[in-house]
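A.B. asks: Take a look at the letters that make up each chain.
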Amino acid sequence: MKLDARIPAGPLEKKWSSHKSNIRLVSPANKRNIDIVVIGTGLAGSSAAASLAEMGYRVKAFCFQDSPRRAHSIAAQGGINAAKNYQNDGDSTYRLFYDTIKGGDYRSREANVYRLAEVSANIIDQCVAQGVPFARDYGGLLDNRSFGGVQVSRTFYAKGQTGQQLLLGAYSALNRQIGKGNVKMYNRHEMMDIVVEDGKARGIIARNLATGEIERHGAHAVLLASGGYGNVFFLSTNAMGSNGSAAWKAHRRGALMANPCFTQIHPTCIPQSGEYQSKLTLMSESLRNDGRIWVPKNKKDAEAIRAGQMKPTDIKEEDRDYYLERRYPSFGNLVPRDVASRAAKERCDEGYGVNATGQAVYLDFSSAIERYGKTEANQMGLENPSREKIIELGEKVVEAKYGNLFEMYQKIKDVNPYKSPMMIYPAVHYTMGGIWVDYNLMTNIPGLYALGEANFSDHGANRLGASALMQGLADGYFVAPYTVGDYLADEIRTGDIDINSDAFVQTEKDVVERIDKLINNKGTKTVDHYHRALGKIMWDKCGMARNAEGLKEAIVEIQALREEFWKEVNVPGRKDMYNPELDKAGRVADFLELGELMCLDALTREESCGGHFREEHQTEEGEAMRDDKNFAFASCWKYTGEPSKAELIKEELTFENVELKTRSYK
Amino acid sequence: MNLTLKIWRQNGPDDKGHMETYPVSDVNPEMSFLEMIDVLNEKLIAEGKEPVAFDHDCREGICGMCSMFINGEAHGPGKRITTCQLHMRSFNDGETVIIEPWRAAAFPVIKDLVVDRGAFDRIQQAGGYVSVNTSGNTIDANAIPVPKRDADRAFDAATCIGCGACVASCKNSSAMLFVSAKVSQFALLPQGKVEAKDRVRKMVKQMDLEGFGNCTNTGACEAECPVGISLENIARMNREYMGASLSSPD
Chain A
74 MKLDARIPAG PLEKKWSSHK SNIRLVSPAN KRNIDIVVIG TGLAGSSAAA SLAEMGYRVK
134 AFCFQDSPRR AHSIAAQGGI NAAKNYQNDG DSTYRLFYDT IKGGDYRSRE ANVYRLAEVS
194 ANIIDQCVAQ GVPFARDYGG LLDNRSFGGV QVSRTFYAKG QTGQQLLLGA YSALNRQIGK
254 GNVKMYNRHE MMDIVVEDGK ARGIIARNLA TGEIERHGAH AVLLASGGYG NVFFLSTNAM
314 GSNGSAAWKA HRRGALMANP CFTQIHPTCI PQSGEYQSKL TLMSESLRND GRIWVPKNKK
374 DAEAIRAGQM KPTDIKEEDR DYYLERRYPS FGNLVPRDVA SRAAKERCDE GYGVNATGQA
434 VYLDFSSAIE RYGKTEANQM GLENPSREKI IELGEKVVEA KYGNLFEMYQ KIKDVNPYKS
494 PMMIYPAVHY TMGGIWVDYN LMTNIPGLYA LGEANFSDHG ANRLGASALM QGLADGYFVA
554 PYTVGDYLAD EIRTGDIDIN SDAFVQTEKD VVERIDKLIN NKGTKTVDHY HRALGKIMWD
614 KCGMARNAEG LKEAIVEIQA LREEFWKEVN VPGRKDMYNP ELDKAGRVAD FLELGELMCL
674 DALTREESCG GHFREEHQTE EGEAMRDDKN FAFASCWKYT GEPSKAELIK EELTFENVEL
734 KTRSYK
Chain B
144 MNLTLKIWRQ NGPDDKGHME TYPVSDVNPE MSFLEMIDVL NEKLIAEGKE PVAFDHDCRE
204 GICGMCSMFI NGEAHGPGKR ITTCQLHMRS FNDGETVIIE PWRAAAFPVI KDLVVDRGAF
264 DRIQQAGGYV SVNTSGNTID ANAIPVPKRD ADRAFDAATC IGCGACVASC KNSSAMLFVS
324 AKVSQFALLP QGKVEAKDRV RKMVKQMDLE GFGNCTNTGA CEAECPVGIS LENIARMNRE
384 YMGASLSSPD
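Residue numbers (our numbering), protein chains in the order written: chain A, 74 to 739; chain B, 144 to 393.
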């Protein structure tokens, strides 16, 4: 099988504009006769559904939540990048492109990333026109802040709720089209499978989660905007319902999965507190601007803290190890996410972790509080202010910057982070890997597209902060609405899709058989039992650090677990009514296959890059060693019946506009 | 700690429903409320019983999906908190905890603690948007300056998570706080001014059609709102609506 990414010819900065001018169009009269199905209503899905409906297509949108507004894009905190250069700090489309390629450790596709940077400025214009209330300065103009891995201020934000505001903007555009009847919205619906007929995507089989009804929906194009698969690890910062099933179903029907092992582990999350833990909560990257990360220098102190005999504030300054500042003096606490996460793991593995579990480090704001307090006191002209006064003033400054995050931490941990350092630990946050797509965002199945986190193309092996929102909206508002026309131009003579065709009948039969198998199994263990067991294998052996031996073991363990799942899982209730355990069982069954493929992918990638760290490939100082000579490609996997027997197809990545360099933050 | 839970069980929209009692033991105070229900559900499944159905997703207080009425309060004890952020340390050993769904005619029960909040979506579809196409060919973002005060107040209104606690808390099951938050967000911004009159008329009309009650300024909605949406928004919506009613339709 030969892969063609169909990247337009010509210079990098002209590719998108000339491609847009040259791809085929569908006339307004014909658009009215073409059906498009969109799976997922996060930033990518909502924006795509709204845009396509505005253009005149007949759109059906699906989400498993009770409203499109609940998609997990809503939880993104920090911001959205755009090369507006409002701050006049030398930002440009090229710089945003370069930072993203470098941040991704040179494992993404140049042309796609450049297009992302190019349309980024339009996203901000669009959102403001829709009434998204971004943060503004006193002149009434838009404000910016900085994020990790870059040297400019290009991040637009709405306090710590940027994702919420952007999603509600896209939701409002979607609502406008639903109100007009141009989009038919299916809440509480899950895509159960893709229908492929004569090699083309022709629709989906869906299940109404409220009633259990199975439905057939024909379409001339199907867009997957179903998000990432971080929940394969059981514990992650994803929502409880976030799942990889739509992507996995597409994979089983022939779509290639690319770089599935590229997972982002975010360094600053609230650590696990017990076995019952259901999810992990992120603390925004922006906190690392002012927070200093440390563990005790002496093992004895760490042990005393774990035993509850000592408090962090008891440990003297000289007995603290600010390990990021020590190891990476030039970037300090603001090293990229993958580097910060590995460093925390290294300290905890060595026995310096805090928290009862030993799996946590401190994020301390006391220096910042003191520094800001002194500045405030100076500005107020206070002479010899007391220490209490300085702390009081400093806490106010910190509150203005991060108040809502501190409040969130206190709600969860019942500890006041102004007075005692936060405890944090890395957690699974985002998946850079996903369904393989060409330049048009079309998968290798004609008519099937993948947008946003569901595809693989833009973030390489590590995503930079504030770039996920940018990609979701870029794909949905500005890329897919144009590129689907190129394919649909050939579909204007097809007419309505026949949902009584053999392909629909057979696919529905497959779906029903699987549901019956799950519900009639009546085994002895809960779905969560298997999800937790899978998560532990993945975290221990395919998490922040991986090695060949562990990955081989993981593949065998996952196979055994999957076999046991199908024998022993117990799904209560009925299939013909609301039954969240049944929904969950289907998703976990898919994770049990996807996890195995992730391990295979990690095993074959004999290098360390971005979020993928192979212990065999590191420098003496423990830094990642990339191998551009042998691994400058995207690993695209074709399903053959067994996840770990998937066939590897390589898409060579060519870099014509950037020079491949080793990332160094020392 | 040990607790006695009294939970509303209703097997589908047509079932009459009843309260059922479940003792739970060894509850860790560090657990979130929903994790406590997870543990109960695992136990029920192991005993061959049906788990309690409830809505939840992000479990970090932003998606607005969780919706439990606990001990007579939307999202349980504590101010500015969603059920998913509520932790068991807010309860005492030996306590009886009563858990019900949102109760409102406009929010029919689907199962147990799960209700249908589609009415909220339909109100938004009636006019909760600015009519601008998503072409990207709009004017530059900074060509529309917005005074910081207005932008901040619009943001505060826009933080509504659409959970429905306001409706559940209101003795009239009024949706005024929810609707007014969206009306206010756009009324405060220049982008939203063009369609302001039309918007408020359409959204209020849809709100009434859905069967929500009227507002009698009790303020329970504001007190229970997990994100602190202010009653000021209701006042603003009334003003907008009055203005729109007195002017001729477009």
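Some hints here could point you the wrong way.
Quick look at which bits of chain B chain A covers, simulated, 3 or more residues with Cβ under 8 angstroms [stated by the list, open to error]:
| hint | region |
| --- | --- |
| 1 | 269-275 |
| 2 | 283-291 |
| 3 | 305-317 |
| 4 | 358-368 |
Worth flagging that the hints you see were computed from the coordinates, not collected in a lab.
The beta carbon of each residue, even a glycine, is placed where N, CA and C say it ideally should be.
A.B. asks: With reference to the structure, classify each hint as holding or not holding.
C.D. replies: Hints versus structure:
With a threshold of 8 angstroms between beta carbons, the proposed coverage of the region 269-275 of chain B by chain A holds, since 7 of its residues qualify and at least three are required. Requiring three or more residues with a Cβ within less than 8 angstroms of a Cβ of chain A, the coverage given for the region 283-291 of chain B holds, as 8 such residues are present. Under a criterion of three residues with beta carbons nearer than 8 angstroms to beta carbons of chain A, the stated coverage of the region 305-317 of chain B fails, only 1 such residues being counted. Chain A is given as covering the region 358-368 of chain B, and this is violated because 0 residues of the stretch bring a CB closer than 8 angstroms to a CB of that chain, at least three being needed.
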